[in-house]
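First to last, the sequence lines map onto chains A and B.
122 is the number of the first residue of the first sequence in our numbering; add one for each residue after it.
122 is the number of the first residue of the second sequence in our numbering; add one for each residue after it.
Among the hints, erroneous ones may be present.
Treat identical chains as interchangeable: a pair holds within one or across any two.
Stated by the list, open to error - Listed next, the in silico DSS-like pairs over lysine-lysine satisfying Cα-Cα at most 25 Å (straight line):
(1) Lys177 <-> Lys264
(2) Lys213 <-> Lys254
(3) Lys264 <-> Lys213
(4) Lys254 <-> Lys268
(5) Lys177 <-> Lys213
(6) Lys268 <-> Lys177
(7) Lys268 <-> Lys213
(8) Lys213 <-> Lys181
(9) Lys181 <-> Lys254
These are computed hints drawn from the structure, not numbers from a lab.
Keep in mind that this is a model prediction, so the values were computed, not measured.
2 protein chains.
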Amino acid sequence: MTAPTAPSMAAPPAPSMVSRMTALFLRVLTFAFLMVSLVIMTTNTGTIEIGIDEFKVRSKDFYSYRYMLAAIAFGLTYTILQIALTLNHISKRNGAQTSGDGNLVFDFYGDKVVSYILATGAAAAFGATKELKTQLAGLGGDKFFNKGYASASLLLLGFVCTAILSVFSSYALPKKV
Amino acid sequence: MTAPTAPSMAAPPAPSMVSRMTALFLRVLTFAFLMVSLVIMTTNTGTIEIGIDEFKVRSKDFYSYRYMLAAIAFGLTYTILQIALTLNHISKRNGAQTSGDGNLVFDFYGDKVVSYILATGAAAAFGATKELKTQLAGLGGDKFFNKGYASASLLLLGFVCTAILSVFSSYALPKKV
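Could you build all of it, start to finish, from the sequences and the hints given here?
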């Protein structure tokens, strides 16, 4: 009874070339989203008017935006590393045969942790922007906070790509048994 | 050559009784954290003094806290469902034999999605609380926002439990092949 299932069970759990290219595409997309999000956030400046005083505000003035920037930086570093590893595998043309269990486990935990970091970065930025915009309504900071929303939205898209990659890397995980 | 490996390969991928009890323990822990977080957040009220005016504030006055409450409600519903399913399996004393691939896939996506929702709920609450506390400093709302931190911290602990469960359910996932 077990004989017919043996060949399929013996197939290596390593991802195929097609799924490797899909993963690479998603990683490049993540990189693009995070990069644009980072540029918008770091170049974002605004002016808050309180009475006759004007205060110049920058992203790094807000704790939540600083956390968001740290999350983007972490995500970018990880994504660049993964793109480099994938290109290295593809260029060697033996990726499917040589990628060991260690790599698959690294991918699994890496994608998982980074996707949580990106999700929390985006959520913190959305939460902070919403409350700041409400509290400082009518003080001239709307454009600044709208750019905050734009940056957080791009980070959210980067998170979605990484979450999909995390599903892939979970399925590729070798069994603990 | 395939004969010696056949018995281990034929073993069901369903989790053992021990891992089922560990998962149940983590789910009960998640339930407790979320429940206390929910109670703190819903009963939290404070007073903001602006000049001679006093404004009563409640959690539902802030958009981020409303999102957080929705995340907790969603997490609680899912956790209670999972506890009920696990108890049902254990009471039947045949959990390991009957849990099909469908259940494992449900656990995998359920844990993954719920852990992301809990993480973003906690992050949004932390980000909003930090910025609100800074903006409204000296207006008497510190106690209100400290309770916001406490509630967000408990939600974060609930997220950590669910993230660990998500690792378990990823390892238990049947192979796509």
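Hints versus structure:
{"no.": "1", "hint": "Lys177 <-> Lys264", "verdict": "within (13 Å within a copy, 30 Å between copies)"}
{"no.": "2", "hint": "Lys213 <-> Lys254", "verdict": "neither (51 Å within a copy, 54 Å between copies)"}
{"no.": "3", "hint": "Lys264 <-> Lys213", "verdict": "neither (48 Å within a copy, 60 Å between copies)"}
{"no.": "4", "hint": "Lys254 <-> Lys268", "verdict": "both (11 Å within a copy, 22 Å between copies)"}
{"no.": "5", "hint": "Lys177 <-> Lys213", "verdict": "neither (52 Å within a copy, 65 Å between copies)"}
{"no.": "6", "hint": "Lys268 <-> Lys177", "verdict": "within (15 Å within a copy, 31 Å between copies)"}
{"no.": "7", "hint": "Lys268 <-> Lys213", "verdict": "neither (42 Å within a copy, 55 Å between copies)"}
{"no.": "8", "hint": "Lys213 <-> Lys181", "verdict": "neither (42 Å within a copy, 56 Å between copies)"}
{"no.": "9", "hint": "Lys181 <-> Lys254", "verdict": "both (16 Å within a copy, 17 Å between copies)"}
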